Amino acid sequence: MKQNEEIIEKINHFLSEEFEVDEAVITPGGNVREVLELDSLDYIDLVVVVESNFSFKVKPEDFAGITTFSDFYNYVISRVNSKELA
Amino acid sequence: MGIYSCIGKNPDEVRDSLYVGRSGIILDPVRKEMGYRSGLTGFVERPALKGMLDRRSRIMLPEQGEYAYMATMQALEQAGLDEDYINEHEIGILYGNDSSAKPVIDATDIMREKKDNMLIGSASVFQTLNSTITMNLSTIFKLKGVNFTISAACASGSHAIGLGYHFIKTGLQDCIITGGAQEINCYSMATFDALSAFSIHEEDPQRASRPFDRSRDGLIPSGGGATIVLESLESATKRGAAILGEVIGYGFSSNGEHISNPTVSGPVRSLQMAMRDAGMNTADIDYINAHATSTPAGDASEAKALYTVFGEHTVPVSSTKSMTGHECWMAGASEIVYSLLMMHNGFIAPNINFEHPDEYSVKLNIVKTTAEKDINVFLSNSFGFGGTNSSLIVRKWSK
Numbered sequence: 004m005k006q007n008e009e010i011i012e013k014i015n016h017f018l019s020e021e022f023e024v025d026e027a028v029i030t031p032g033g034n035v036r037e038v039l040e041l042d043s044l045d046y047i048d049l050v051v052v053v054e055s056n057f058s059f060k061v062k063p064e065d066f067a068g069i070t071t072f073s074d075f076y077n078y079v080i081s082r083v084n085s086k087e088l089a
Numbered sequence: 002m003g004i005y006s007c008i009g010k011n012p013d014e015v016r017d018s019l020y021v022g023r024s025g026i027i028l029d030p031v032r033k034e035m036g037y038r039s040g041l042t043g044f045v046e047r048p049a050l051k052g053m054l055d056r057r058s059r060i061m062l063p064e065q066g067e068y069a070y071m072a073t074m075q076a077l078e079q080a081g082l083d084e085d086y087i088n089e090h091e092i093g094i095l096y097g098n099d100s101s102a103k104p105v106i107d108a109t110d111i112m113r114e115k116k117d118n119m120l121i122g123s124a125s126v127f128q129t130l131n132s133t134i135t136m137n138l139s140t141i142f143k144l145k146g147v148n149f150t151i152s153a154a155c156a157s158g159s160h161a162i163g164l165g166y167h168f169i170k171t172g173l174q175d176c177i178i179t180g181g182a183q184e185i186n187c188y189s190m191a192t193f194d195a196l197s198a199f200s201i202h203e204e205d206p207q208r209a210s211r212p213f214d215r216s217r218d219g220l221i222p223s224g225g226g227a228t229i230v231l232e233s234l235e236s237a238t239k240r241g242a243a244i245l246g247e248v249i250g251y252g253f254s255s256n257g258e259h260i261s262n263p264t265v266s267g268p269v270r271s272l273q274m275a276m277r278d279a280g281m282n283t284a285d286i287d288y289i290n291a292h293a294t295s296t297p298a299g300d301a302s303e304a305k306a307l308y309t310v311f312g313e314h315t316v317p318v319s320s321t322k323s324m325t326g327h328e329c330w331m332a333g334a335s336e337i338v339y340s341l342l343m344m345h346n347g348f349i350a351p352n353i354n355f356e357h358p359d360e361y362s363v364k365l366n367i368v369k370t371t372a373e374k375d376i377n378v379f380l381s382n383s384f385g386f387g388g389t390n391s392s393l394i395v396r397k398w399s400k
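Protein sequences, first through last, are from chains A and B. Taking the working numbering, the leading residue of the first sequence gets 4, the next gets one more, and so forth. Taking the working numbering, the leading residue of the second sequence gets 2, the next gets one more, and so forth.
Worth flagging that the hints you see were computed from the coordinates, not collected in a lab. All values reported here derive from a predicted model rather than from experimental measurement. Note that the Cβ used here is the ideal one computed from N, Cα and C, for glycine as well. A portion of the hints provided could be inaccurate.
As the list claims (entries may be wrong) - Derived DSBU-like pairs: lysine-lysine, alpha-carbon spacing no greater than 30 Å straight-line:
1) Lys62(A) x Lys13(A)
2) Lys62(A) x Lys103(B)
3) Lys116(B) x Lys103(B)
4) Lys400(B) x Lys374(B)
5) Lys115(B) x Lys60(A)
6) Lys86(A) x Lys397(B)
7) Lys170(B) x Lys397(B)
8) Lys86(A) x Lys116(B)
9) Lys13(A) x Lys116(B)
10) Lys116(B) x Lys60(A)
11) Lys60(A) x Lys103(B)
12) Lys62(A) x Lys115(B)
13) Lys170(B) x Lys13(A)
14) Lys51(B) x Lys103(B)
15) Lys116(B) x Lys62(A)
16) Lys10(B) x Lys364(B)
17) Lys400(B) x Lys13(A)
18) Lys60(A) x Lys13(A)
19) Lys86(A) x Lys13(A)
Said to hold, decoys possible - Here are some chain B residues the structure puts well away from chain A; computed CB gaps all over 12 Å:
20) Asp110
21) Met119
22) Phe127
23) Glu204
24) Thr309
25) Val363
Unchecked claim - Footprint (simulated), chain B over chain A, 3 or more residues, beta carbon under 8 Å:
26) 39-45
27) 52-60
Generate the whole structure from the sequences, applying the supplied hints.
Take a look at the structure:
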């Protein structure tokens with residue numbers, strides 16, 4: 004659990020840095036696209052920051068099912084865990 | 002007009018530098034570490050755009066795009082073109098740019114190291130294309146008129162203004178943002194350094210750029226951004242704009258010979274075409290801002306061309322590159338800004354470091370120290386690799 008909290012904290016930090024929003028506006032129920040004001044190009048940068056911070060390969064289509072930050076956290080946590088199991 | 006250069010970050014600073022003959026040249030230790038034969042360069046501070054532009058706009062701008070943005074902000078303000086006016090009218094952009102080396106190298110590094118092109122990110126493609134300036138500024142300022150980049154080596158900025166002049170003269174557009182921008186990072190000029198094109202007077206950077214002087218030994222790279230707003234007289238008058246000058250002549254030519262060696266006949270044809278277009282006699286020109294970059298062959302050819310067209314010891318001539326270095330893609334536009342500043346402040350900026358003429362420059366009236374002079378009409382030359390030549394003539398506006 005502690006590891007998951009650290010991952011969430013790390014995600015909030017780099018999203019805030021990359022997309023220039025206050026970390027406080029990033030909440031589990033918030034809509035990722037709306038809160039970060041993402042356009043189609045920004046999704047590429049989302050891939051870049053995730054890969055750079057967690058060293059696993061992301062496909063843009065992986066984000067298709069992600070709406071909220073909670074979805075986003077779950078996606079990253081599952082990928083981190085599956086990488087560790089591999 | 003707007004200017005962001007190594008001798009000032011706005012027209013007032015630049016005017017003062019021009020008047021006192023202040024050089025913007027430094028010795029860059031990073032270039033020496035990278036193996037440059039010459040570490041001399043103009044120094045331009047990167048503007049802090051956070052707070053001025055949103056993230057998306059900022060990350061898509063390469064270095065020279067930042068300079069162009071700063072110059073264009075100044076120019077729009079000076080021209081009295083606000084957001085509402087731009088939104089309601091068809092304003093165009095024709096800008097000179099001929100490289101974007103650093104973003105290309107940065108992207109290539111990622112490609113080679115990561116083998117995953119997605120990691121290049123979303124902004125790189127908009128930074129790497131030669132049309133980066135026009136694509137970015139047209140988006141930022143929401144321009145709806147003509148929109149393309151002019152790439153003509155060191156004559157890019159001048160041709161951009163010349164083409165803008167024709168777009169307006171022929172009634173295709175009423176108002177166009179023109180200019181030129183030049184990157185100045187340590188990657189951008191290595192290929193020129195490879196040709197031994199740069200001065201190696203590193204012991205005294207501010208005296209190294211010596212256009213027309215017999216001891217000149219090469220140019221010094223420099224950069225920044227320069228913007229000129231061109232507008233039809235009808236449109237500018239209707240808006241009550243402060244008109245700075247009138248483009249009255251544009252001449253162009255191609256040498257049709259060697260890719261890098263200059264000729265005399267090419268520039269002569271460009272000069273004569275500009276004079277014909279302006280309906281001017283040589284006696285009508287009050288000042289010539291020479292292209293002269295401080296290379297042995299280039300300055301000699303231009304001196305011969307000026308002598309051929311204007312005769313011996315006639316029109317005052319100076320090369321502001323003696324202070325700025327060679328602003329390359331930007332130079333043709335920045336030198337129009339420099340000359341307009343002289344025109345509006347009643348002086349001719351000196352060709353600093355001109356101490357001893359050679360057999361060709363001795364025939365010209367080269368201004369060594371700042372001269373108080375009313376300038377009614379000036380001519381500005383720009384020449385580039387491939388033998389592309391451009392000459393512009395500008396007259397002071399009077400009702």
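When you look at the beta carbon of Val363(B), is every beta carbon of chain A farther off than 12 Å? Non-interface label stands for Val363(B): nearest chain A Cβ at 58 Å, farther than 12 Å.
CA of Lys116(B) to CA of Lys103(B), is that 30 Å or under? holds (19 Å)
Original post:
Taken at face value, is the distance from the CA of Lys103(B) to the CA of Lys51(B) at most 30 Å?
Top reply: holds (21 Å)
query: Holds or violated: Lys86(A) with Lys13(A), Cα cutoff 30 Å?
result: holds (17 Å)
Is Lys62(A) close enough to Lys103(B), meaning Cα to Cα at most 30 Å? holds (27 Å)
Are 3 or more residues of the stretch 39-45 of chain A near chain B, judged by a Cβ distance of less than 8 Å? holds (count 3)
Least C-beta distance between Met119(B) and chain A, which was stated to exceed 12 Å: violated (5 Å)
Restraint status (C-alpha distance of Lys10(B) to Lys364(B) at most 30 Å):
violated (35 Å)
Could you grab the alpha-carbon distance between Lys116(B) and Lys60(A) and see if it respects the 30 Å cut-off? Holds: Lys116(B) and Lys60(A) sit about 11 Å apart, inside 30 Å.
Given coverage of the stretch 52-60 of chain A by chain B, tested with a Cβ cutoff of 8 Å and a minimum of 3 residues: holds (count 3)
Hinted pair, alpha-carbon criterion (30 Å max): Lys400(B), Lys13(A). Please report holds or violated.
violated (64 Å)
Original post:
Would the pair Lys400(B) and Lys374(B) pass a check requiring their Cα atoms to be no farther apart than 30 Å?
Top reply: Holds - the C-alpha atoms of Lys374(B) and Lys400(B) are around 21 Å apart, at most 30 Å.
Violation of the numbered hints given earlier is confined to hints 6, 13, 16, 17, 21 and 22; the remaining hints are satisfied by the structure.
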